[in-house]
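Based on these hints, arrange chains B and C on the given structure of chain A.
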Amino acid sequence: MSKAPVDYLLQLADNAVVLGQRNAEWCGHGPILEEDIALANVSLDLIGQARLLYQLAAARIGGDATEDKLAYFRDPAEFRNYTLVELPNHGALVGYAAADMDYATTIVRNFLYSALMALQWEALANSADEELAAIAAKSLKETRYHLHHAADWVVRFGDGTEESHRRAQAALDHLYRYTEEFWTPSATEDAAVAAGVAVDVRSLRAGWDALLAETLADATLVRPEVRGYVPEGKHGLHSEHLSYLLGEMQSLARAHPGATW
Amino acid sequence: MYTQAMDIPDESGKKLAAVPPAHSEQEAAFEARIDADGRIEPQDWMPEAYRKTLVRQISQHAHSEIIGMLPEGNWISRAPSLKRKAILIAKVQDEGGHGLYLYSAAETLGTSRDEMLEGLHSGKAKYSSIFNYPTLSWADVGVIGWLVDGAAIMNQVPLCRCSYGPYSRAMIRVCKEESFHQRQGYEALLVMMKGTEEQKAMVQDAVNRWWWKCLAMFGPPDADSPHSAQGMRWGIKRVSNDELRQKFIDATVVQARVLGVTLPDPDLKWNEARGHHDYGQIDWQEFWNTVEGNGPCNKERLSTRVKAHEDGQWVRDAAQAYASKQKERASKEAA
Amino acid sequence: MNTPALKDWPLWEVFVRSKQGLEHKHCGSLHAADAAQALHMARDVYTRRQEGVSIWVVPSSQITASNPDDKGELFDPASDKIYRHPTFYEIPDEVGHM
Chain A
1 MSKAPVDYLL
11 QLADNAVVLG
21 QRNAEWCGHG
31 PILEEDIALA
41 NVSLDLIGQA
51 RLLYQLAAAR
61 IGGDATEDKL
71 AYFRDPAEFR
81 NYTLVELPNH
91 GALVGYAAAD
101 MDYATTIVRN
111 FLYSALMALQ
121 WEALANSADE
131 ELAAIAAKSL
141 KETRYHLHHA
151 ADWVVRFGDG
161 TEESHRRAQA
171 ALDHLYRYTE
181 EFWTPSATED
191 AAVAAGVAVD
201 VRSLRAGWDA
211 LLAETLADAT
221 LVRPEVRGYV
231 PEGKHGLHSE
241 HLSYLLGEMQ
251 SLARAHPGAT
261 W
Chain B
1001 MYTQAMDIPD
1011 ESGKKLAAVP
1021 PAHSEQEAAF
1031 EARIDADGRI
1041 EPQDWMPEAY
1051 RKTLVRQISQ
1061 HAHSEIIGML
1071 PEGNWISRAP
1081 SLKRKAILIA
1091 KVQDEGGHGL
1101 YLYSAAETLG
1111 TSRDEMLEGL
1121 HSGKAKYSSI
1131 FNYPTLSWAD
1141 VGVIGWLVDG
1151 AAIMNQVPLC
1161 RCSYGPYSRA
1171 MIRVCKEESF
1181 HQRQGYEALL
1191 VMMKGTEEQK
1201 AMVQDAVNRW
1211 WWKCLAMFGP
1221 PDADSPHSAQ
1231 GMRWGIKRVS
1241 NDELRQKFID
1251 ATVVQARVLG
1261 VTLPDPDLKW
1271 NEARGHHDYG
1281 QIDWQEFWNT
1291 VEGNGPCNKE
1301 RLSTRVKAHE
1311 DGQWVRDAAQ
1321 AYASKQKERA
1331 SKEAA
Chain C
2001 MNTPALKDWP
2011 LWEVFVRSKQ
2021 GLEHKHCGSL
2031 HAADAAQALH
2041 MARDVYTRRQ
2051 EGVSIWVVPS
2061 SQITASNPDD
2071 KGELFDPASD
2081 KIYRHPTFYE
2091 IPDEVGHM
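Chains as they are written, first to last, in this note's numbering: chain A, 1 to 261; chain B, 1001 to 1335; chain C, 2001 to 2098.
None of these hints come from the bench; they were simulated from the model.
Among the hints, erroneous ones may be present.
Unchecked claim - Restraint-style ranges between C-beta atoms, simulated for each label pair:
1. C:H2026 to A:L237: 29 to 37 Å
2. B:E1333 to A:W183: 48 to 56 Å
3. A:Y229 to B:A1201: 47 to 55 Å
4. C:P2077 to B:R1233: 32 to 40 Å
5. B:W1270 to A:S243: 49 to 57 Å
6. A:M1 to B:K1299: 53 to 61 Å
7. B:W1270 to C:S2018: 39 to 47 Å
8. A:R202 to B:R1329: 22 to 30 Å
9. C:P2086 to B:A1334: 45 to 53 Å
What the hints assert, rightly or not - With a Cα cut of at most 27 Å, we get these calculated DSS-like pairs of lysine-lysine:
10. B:K1194 to A:K69
11. B:K1176 to B:K1247
12. A:K141 to B:K1126
13. B:K1083 to A:K138
14. B:K1299 to B:K1126
15. B:K1083 to A:K69
16. B:K1200 to A:K69
To be verified - Cβ-to-Cβ under 8 Å is the rule here; a few derived chain A residues that face chain B:
17. P31
18. I37
19. G48
20. S164
21. D200
22. G247
Here the structure is a predicted model, which means the values were calculated and not measured.
All C-beta atoms, glycine included, are put in the ideal place defined by N, C-alpha and C.
Chain A extracted, bound-state conformation (with noise of 0.2 Å):
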C-alpha cells in the first residue's frame, strides 16, 4: 500500500484542530442557541478529524509518538495548517489587540475552507492510501455538511439586512487573500502526488471557483482582487496570530508533560 508522507497528514491535521479551536471560541457565545449548538456540532467533526489524522501519523511516526504529542508539543513553526484558519474571528488586527469576535468571519472562512476540503477530501477518499482514503470518506460527508452550513449562512448574511451585507463582503475582502496558499503546492503536497496518494492541489481549483462563483452569486457578494501576498503557513510561517492559539491551546498539557488525562 501507499503511504502519504507524515507531513502531509500533519498539514491536514494542523487544519482541522486549528480551524476546530477556532469555531470552538463560539461555543456558549453564539448568536443564537439554534446555531451554537451547529457550530459546535463543525467543532466537533473537526477536532475528530484532526484525531485520527495525529492517530494515522503517529502510528507511521512509531517510537512514543501520539496524537496529543503532535497536537501539544510542537511549535507554532512546526504546525503546517494554512493561515487562513489561525486568524482570529474578527477582521484584520494584530495579535495581541482585543476585538469582538464577528460571526462573518468565522462563517466566511468556514465557507472558504471548507469549499476547498469538500474537494480535497473527495479527492483523497479515492486515494492510493488506504488509511488515509477511509479518513477522507468518513471527512468528505461532515464536509459537505459545514459546506452546506456556511454558504446557507453566507447567501443569508450577503442578501439578508445592510449590516449583515457589509460585515460578509468586509470578512470577504479580509479573507479572500488567504486562500491563495492554496494553489501553490508545498514540497511536501508535492511528495504526496508524486507518491500517488494525493492530487495537485491547483486541479481542485476550477471547482472550488465554480463553488464560490454560485455561492457569492446568491449573496450578491463580490470576490475581491487579490495579488502580491502568498502566505505560507503550510511552510510552517506563520500569522502573528497562531502563537496565540497555540500558547492558549497547549498550556495546561505543556504545564504537565507525561501526565495522562
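Structure of chains B and C alone, referenced to chain A:
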C-alpha cells in the same frame, strides 16, 4: 406538543383559556387530574398560579443550562488532550440543547423565549447560583460533572414525572443525556487521581471549593422554602430539598472514597440510627449573597450572555430578512 | 435590552423518524427563520446522538389541535365499541393462532 401556538382553534375558546374565570368545575377537574397523577397539557385549563409557577421554574431551569455553559466553556480552549476537548465541547453543547428543550417547554405556556431572555438579561429571572463560582483549574471541569451534574440529576429525575406534560417530556430527554455527564466527569477525575501528585492535588482542591456549593444547590432547608409546599401539591416538585440533599450526600460519600478524595466536612459521618450521613452547617448567608447577585461571577456571567445576545442581533435579523425576501420572491413568481 | 431576540423567527415543530420503517415522532420545537434553516437546525439540535434518519419540520402555527373541552364527545364514544378489538371474538383453542 411543545407550543402555545397549538391552542384550540376557536378564537373565543382561546380567550376563554387565556383568561379563565374562577370556574370551580374546571378547577375541580384540574385538581382531580393532578391527584390521579395525570398530566396537564398546554391546551388544558390550568390555574393562573400554576402557569406562572411553571414558567418561573422552567425558565429558571433553562437559564441555568445556558449560563451553565460558561464556567465549563472556560476550559474548552485549554483542554489538555484532544479527546478531553471533544468531550467537553459535546458536553457544553448538550447543556445548550437542554436549555433549548426547556425554553420550548416553557413556550407552550404562552411565554415566548424573547420574554424569558428579557427576564434573564434584566436580572429579574434567577438561575442556579452554582454557576456564579469560577472554574479555576482543569479539575473543576471533572468536579462539575461529578458533583454539580450529580446534584442536578438528583433534582431532575423526579421532574420526569412532573404534572406538566411538556416539562416532564423535556426532562426525560434532558435526564437521558445528562445521566452520563456525571460518569464522564467522575471518570476524568479517576484518571487524574491515578496521575501525578500535582493532578491529585488539583482534584482535591476543586472538591474543596465545590462541595459546599453543591449542597446549597438543593435550595434552602424545607422549613424556609416558600414555594415548596404548593409545588409539591401541584406535582411540579416531587421530592423536598432536604430529602434530595441527603440522598446526594449518601450517594457521594462512597464515590469520594473510591476516588480517593476527602469531602471537606469534619462533621460528615454515618449515623446508624438515622440510616444516613450527618453533615455540617451549610453557609446560607453566602448562598443568599450569591443568589442576590453578589457572588464572585454573577456580573460576568450575565453580561457575557447579554453581549452574546446583542452581538447576535444582526445575525438573527439577516436570517429573517433573507427569509422574508425569499417568500416575497416566491409569491411574485407564483403570481 | 430593547433589541427583539426572535420575534420574527417563527417556531417550528420537529418530527424525527428514528429508523427506517418507523413513523416520524414529535420530539420538540425550535426557532428558525425559514423551513430550510429549521431542517438544518433540527438536525443539529435533535439528532446529535444518531436519533434519526429523517426529519420533518412544521410551522407551529399551522397545527390545528382538538379542543380539550370536546374530549368527551370526540373520544368517549369509541370506548364501548369492544367488538372492534380482537379479544372480543372467542375462537376454539385447537384452531391455534388466528
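The hints, checked one at a time:
1. C:H2026 to A:L237: 29 to 37 Å: 54 Å Cβ-Cβ, so the 29 to 37 Å window is violated.
2. B:E1333 to A:W183: 48 to 56 Å: 39 Å, violated
3. A:Y229 to B:A1201: 47 to 55 Å: 49 Å, holds
4. C:P2077 to B:R1233: 32 to 40 Å: 34 Å, holds
5. B:W1270 to A:S243: 49 to 57 Å: 54 Å, holds
6. A:M1 to B:K1299: 53 to 61 Å: 58 Å, holds
7. B:W1270 to C:S2018: 39 to 47 Å: Given a distance of about 45 Å, which is inside 39 to 47 Å, the answer is holds.
8. A:R202 to B:R1329: 22 to 30 Å: Roughly 38 Å apart at Cβ, these two residues miss the hinted range, so it is violated.
9. C:P2086 to B:A1334: 45 to 53 Å: Taking Cβ atoms as reference, P2086 (chain C) and A1334 (chain B) lie about 50 Å apart, which means the hint holds.
10. B:K1194 to A:K69: 20 Å, holds
11. B:K1176 to B:K1247: 20 Å, holds
12. A:K141 to B:K1126: Violated. K141 (chain A) to K1126 (chain B) sits at ~42 Å, over the 27 Å cutoff.
13. B:K1083 to A:K138: 18 Å, holds
14. B:K1299 to B:K1126: Distance of about 13 Å is within 27 Å: holds.
15. B:K1083 to A:K69: The given pair, whose Cα atoms are some 13 Å apart, holds under the 27 Å limit.
16. B:K1200 to A:K69: With a Cα-Cα distance of about 22 Å, the restraint between K1200 (chain B) and K69 (chain A) holds, given a limit of 27 Å.
17. P31: Holds. Min distance 3 Å.
18. I37: Status holds, d = 5 Å.
19. G48: 7 Å, holds
20. S164: 3 Å, holds
21. D200: Where the cut-off is 8 Å and the nearest Cβ of chain B is about 30 Å from D200 (chain A), the hint is violated.
22. G247: This interface hint is violated because 10 Å lies over the 8 Å limit.
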